[in-house]
Amino acid sequence: MLALLLVLAGLTTLVRSSNVAPKTSSLSLSSNANSTALYCTGLSGTTGSTVGHFTFLNTTDVTRQLNVQVVSDKGVTSLTSIKLGPHGDKEVVPQSEVKGSSFAVAVQVNGGGVVGEEVADSSAEAPCVSSGTTNWYASGFDTTVGSTAGLSIYNPTATPAVFNIVTYSPSGYSAPAPFQGLAVGAHDQTVINLGSQIVNTADIGVRVRVLRGSIVINGVQESGSVTSFAQGQRTLTRSAWFPAVTTVNNARSQIRVVNPSSESVEVVANVMVANYTVAPQDLTIAPYASGDIVITPNSAIPAAGYASVRVKASAPVSMSLVTGSTLGSALSSLVAPSDDFIVADFTGKGFDAANVTNTSSRTLKVTFTTIPGPRGHKQTGEVQLAPEATERVLSVFGALSTLKGQTLLVTGSRSALLVSLTLPTTPAGVVVVSPLDGG
Amino acid sequence: MENFEETSKNRISLVFVGPRATREPTSLEGLMESRAPAIVAVVVTTGPGPGLEATLASLVAQDYEELSLLVVANGETEHVTARVAAVAPHAFVRILEENRGFAAACNEASLMVEGSAFFLFCHDDVRLEPDALQLMVEAAFRTNAGVISPKVVAYEDPLVLLHVGQTCDRFGVVHERVELGEIDHGQQDLERDVFVAPGGVTLVRSDLFATLRGFDPLIPALGEDLDLCWRAQVAGARIVVAPLAKVAHRETIATGERQVSVAGTRRASRQDLQRRHQLLVVATGWGARFTFSTLAMLLFMDFMEFSLSLVGGDTDRAGAIVGSWRWLFNNRKRIRERRRQRKATRILSDAELRRLQVGGASRLTRFFFTLLRDGLDRARGILPEPDAEQQNEVDNLAGVGFGAVFSEEEEFDEIPESGVLELRNRPSRVLTSFRAQAGFVLVVVVLWLIGSRNLFAMHLPLIGRLAPLDSWWSTWRHFFASWSANGVGSGSSGMPGYGVLGFAGTFVVGRMGVLPRLALVGAVPVGAVGVARLLRGRVSNRARVVASVAYLAFPLGVNMIGAGRIDVLFVIAGLPLVVRRLFELLCVPGFRSGPYPEPVPFGHRGWRSTEAGQRMAAFMLVALITAMAPATLVLVVLIVGGVWLARFFEGDEFQRRVRPWRLLGALLFNVAIFLLPLTIDFFVAGRRAFEVFGLARGPWTVPSFADLVRGADGTFGANWTGWLLPAAAVFALVLCRDQRRAIATKAATIATLSLVLATLVAHHWLGSFAPDLDVLLSLYAVMIALLIGLGVSALEHDLRQSGFGWRQLVASASVAVIVVTIIPLLVSFASGRFDLPTTSVAESLSALAPPKAGGYRVLWLGGPSVLPVPGWSVEPGLEAATSTNGLPGGDSLFASPDSGTMDKVLSAVHSAIEGRTVRLGQLLASAGISTIVVMNASAPELAGVQSVPLHPVPAGLTSALGLQTDLSLELQTNSVVVFANSAYRGLVSASVAGKTTSTQLLVSGTSAVAVPPAATIRAGVAPASAFELLVNGTALRRTVSDGWMPTYAVGDQSTTPSAQLVMHRFPWNGILAGVTLGIWIIVWLGFGLIQRLEWLFTGRRRRVAVARHARKEDRG
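Chains as they are written, first to last, in the working numbering: chain A, 1 to 439; chain B, 10001 to 11116.
The hints are simulated quantities; they were obtained by calculation from the structure and are not laboratory data.
Any given hint could be a false lead.
For the chain B half of the interface with chain A, some residues (derived, Cβ under 7 Å), not all of them [as the list claims (entries may be wrong)]:
no., residue
1, P10699
2, R10916
3, R10919
4, A10955
5, S10968
6, L10969
7, S10982
8, T11039
9, D11042
10, G11043
Since the model is a prediction, treat every value here as computed from it, not as a measurement.
Where is the CB? At the ideal position from N, CA and C, for every residue including glycine.
Sequences are here, hints too, so could you generate the full structure?
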């Protein structure tokens, strides 16, 4: 009996407990939070293509109080308090609050369920985040002639942050001395111009490693007359979905990949175009280098509207999608699968494509709920998504047309849901925006 | 020559031509006369046969009537007939053309004879006493034996015994019943059953011999006697030795005087023959199942011996081993045939047969003991056999006479080499004398003092429970205090631990700083002494010494010194005494010799010895230790439960004497009374009540199961050496017998229960009930030491009662293990402080004080095994505690299980971890928390100076704190992360309407400070009801904000008001502490001191009795 007890106790060694941080629910949607925060950065001053505004949306049924602190790169701050009624939204125009060349905003909310988005006048969008990061990766920046690339950085904590920036390009790795040991004060904002050190280079990958504190980073890419934001990735990934990649004529689309590891990486892109079978597109990326897979124009891929591209890499990498036309290129970062997203038409243009994708190998139940305005009413819809299938949101809510002026909560039964959005453009699909996940 | 008849090859009828009885029978005898059973003495002679004449002469001289002589000449015919005729003219002679061995010759002889009742098979080098045959026959009839063996003495010196029968083990190895060179004083003259009748002279019943189909011709020499006797036993026949029948045997073949010259064996050595014949006997002597297991074991042992032989270049032995198995394989047909015969004649089962043999493996025994005594070379047989040397000496002395008994040579009484039985029975002399034991203890004490040399004077770091103690008076005051600064302030009762410390401080004349050093240096040795007391009267002093050293060497003690865990060290010191008292109360065999004395009233002389007194002593002892480490109470439950469980599986004679659960109930009740303040706190603590026993550690920081078994919660003992003591304890468990086993099973049960409970706690499978792992391991350590002590005792007593086998191997392993265990302990002495860090993380924090000095709190977050101050659990692996105005001190040594208002802080931290707030600083600001210290280790890692294991906080904590908008990171190392609270506004703050910021105010509690007019004063102290604010001497009306914080509104005054925060509470805690102290004193007096004041208790009764007596007399 005693031996049995001992053996059983010994078998408990098989049950290993590791010190893993608990996964917190999406902060912006967690209505039981005592206080939450939203941070956005990347908008510029009164001139330029990144002039815009911050929009905050209350997804809950109760009024929320927001303490909004707008910060400029001049160190000027303004603190205002606003109230958001149930399902209400509010815009904050930074340049009307403080003076400066670039801005960030920190919002403290007396609860959860509030999301935010920064919208540049040129239709670039980026969601606000609720926490800083200590590791940040992004790819696809260009500093070639006619393009500028920078990192807009905000320190949301009371601790001065110190960080290093290293870059990757097709020719290899670079850690410019001026990019090492950079500091940003508590609740301060700053912009790092990549072109100051990485001159006339295309397909630049960036890694920001925070040595102390945590920061919010938003990549800002200006190409021709097109501005885009890149939220980047906090962790590297081996696989990624790009469910709405344009293949139309006169459009350009590339999957740009950065390999920050010391080994070569094999990258394979499976392109799925309706009614066509496309051979996998593969790429080998040298250690500490970047590379790209051209989707459009590509003689192996028919120009047949939107393609769903699934990319797999032999080692963790950072990926992004670059789309564009003759006017310039837009950079959009990888969106990680989650169990809920908010689709909100912050530009007022509606969407050209709004797709939901099941990234898992099991059927996924997706629920759509409209978040009505003050006088609207709630609508819901539901769809069963087959494994690795993509469905258009508009087919579920046909009456909503292009979701113009609408806000939609998309909820999956598991964290395998992906929402991809493009704005109405010509050619189609060259402006990709990210849904809100509150992250 | 006319009486000599040469036999033909055909069967013959015997004609008795020997000497007849010369005395005429009386008439009565004539009526009753029955002829003695006919016996044929078969003398097999080979070659020159130097003792043949003497053999024949002694046979002729036998006083047995019906004896015939048959001499079988084995191959060599030269002069045999003449030699026989010269001595025994009536003898028959049968000459065989070829020497086919003794067995074949005897078989041949048996075929020639009809009508005899017995065969007497004789070698040609024996000499029988005249009455030997008569006595053997008498013994045969008396015992109904099938085979009778005489007492065999040395040919040259009849006083030296050679054989008085033999036994053997299951592997066919013959085992002597007498010592080498043992003098015959008649000490073996008891007729008894033996397993083997050694060759030389053997009386065998003829029908049995026929049933067995004689000797096996496969065994021409060396082993035929074993084979015959084995088969006889299987057939149900008894083998009896008749010691009164004395035969001298020259053993010319065994001593090498004559070579084995049997046909077909000329190339085989004696070793070859012996091994192959033993193998044959084993292969055919058992049933199928037993044969398989026995051969498997034999194969293994032979393989080991073979390997050793190869290593040592002993090719003869290696060849003999391989040859024996090959020979066995070659004779497989014969083996099958023998097994069939065995089946046909089998009467005894294998188990019955096994009982007739000796246990263990004789050959291995011999090898092993020779190895121990004489080294490998002699064990392997490279050096001459000691018996041969001894024999030579004996030869030189021309025999050992009776006078030699009085030899003055010291070694005379010690049969020197290889006397296996003697070796086994001769107790080791290591540590047997008082002088040796005292010397050993002295050495251990000196070594321990050397090992702890730096603990006497070094600065004690702020780790574990080494927070500097307050003064003696202050410590007592904490016990009686109505309010403590724990958490955000608490009105809970004073913890009894302060009382214990205050009491202990009395013995060091108030020098409280001495107490932690005493605990660090002395706790483990005191525990070791306790172990010795635990075993007193149950085992030898040597066993007690070994057990005590094992307790010293157990990793827990050293690790707890290194971790500064004074509370656990207190348990380590006192637990052996608790175990002893509980074992006595539970009537564990050997722990109480008799019933308790008759009850006497409390306070009277002798009360302490009564059952009530003993129980009360145990209760007080448990209460004393529980006051310092409440998890001790869990240990008590484990002890009682363990004894009960052990008795459930293996009952003992005393189990019905006690009711363990009733005792446990009484114990818990009394301890609760003795620790009344703690008891009340426990019952009002609600869901946190069980946290009084300990806080849940993060499953990723707890020792693994392997570490728990090794008792290693730290760096010491977490390697292979840590297995040694538990292994020795397991060995002890299997070695113990009788009463020792009864104790050992209970100790093992308790140890197992403590391990299992520790495992459950480590995995956090018992919820908030998470007794301190190290306290649980303390019980495990005591049980391991107890088992080791019992094991040594078993080596001294139990082992010698059993035959050689696995027990001896286990015993040797135990001894080796115990010796090796000391080595790591010696290594741990090197630092002089048992790796206690020289500095701590807490002390290295210079930024704890906020920029504006005033009242402030530091929030300490970390694993329960890391924080230098007791606190409350936020979640498994994360404890939160506070200290006021800097580092923890003597006022925060104990935390009440009732967290009270501190729950607000704990809840806020939990919210931050779950991501439900980004304003933790603001939430903590109301409690006056200016700094948050997150500790991953108790001391910083200093390369080459100190190494401290990391016990990281839950992974999400640091990042969650980093995300707070009002916490700034001040310091981040592997050991510690420090955040400053930018929302801090002072422990007591004043805010004025219209101003959003607060001003921090001094909160000393005694002096008045100026406050702004029309301010709102918030005091971060709980409970709110205990405090009032005096402004210019007038108490302000109190409100409560945030659900707990006393808040006061100061009126708008023209002058700057002066405010003072004052605590007002009815001293319930002081009264409770006083009552508790009174209970202790009264019971304490009842034990001993009161005896001196006996007249106070008995005087009145005596006066009453005298008056009563006087009244009776008056009536009378």
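Hint by hint, here is what the structure shows:
Restraint check, P10699 (chain B) versus chain A: the minimum CB separation of about 3 Å is within 7 Å; hint holds. With a least beta-carbon distance of about 4 Å to chain A, the hint placing R10916 (chain B) at the interface is held under the 7 Å criterion. Proximity of R10919 (chain B) to chain A holds as hinted, the smallest CB-CB distance being about 5 Å (cut-off 7 Å). At a threshold of 7 Å, the smallest CB-CB gap from A10955 (chain B) to chain A is about 4 Å, leaving the interface hint in force.
Because the closest C-beta pair between S10968 (chain B) and chain A is about 4 Å apart, less than 7 Å, the hint holds. Hint status for L10969 (chain B) relative to chain A: holds, with the closest Cβ pair at about 4 Å, below 7 Å. For S10982 (chain B), the interface hint holds, since its Cβ comes within 7 Å of a Cβ in chain A; the closest pair sits about 5 Å apart. Evaluation of the T11039 (chain B) hint against chain A yields a violated restraint, the C-beta minimum of about 23 Å exceeding 7 Å.
A hinted interface residue such as D11042 (chain B) counts as satisfied when its beta carbon comes closer than 7 Å to some beta carbon of chain A; here the least separation is about 13 Å, so the hint is violated. Interface hint status for G11043 (chain B): violated, as the beta-carbon distance to the closest one in chain A is roughly 14 Å, over 7 Å.
Hint compliance for this structure: hints 8, 9 and 10 are broken, all remaining hints hold.
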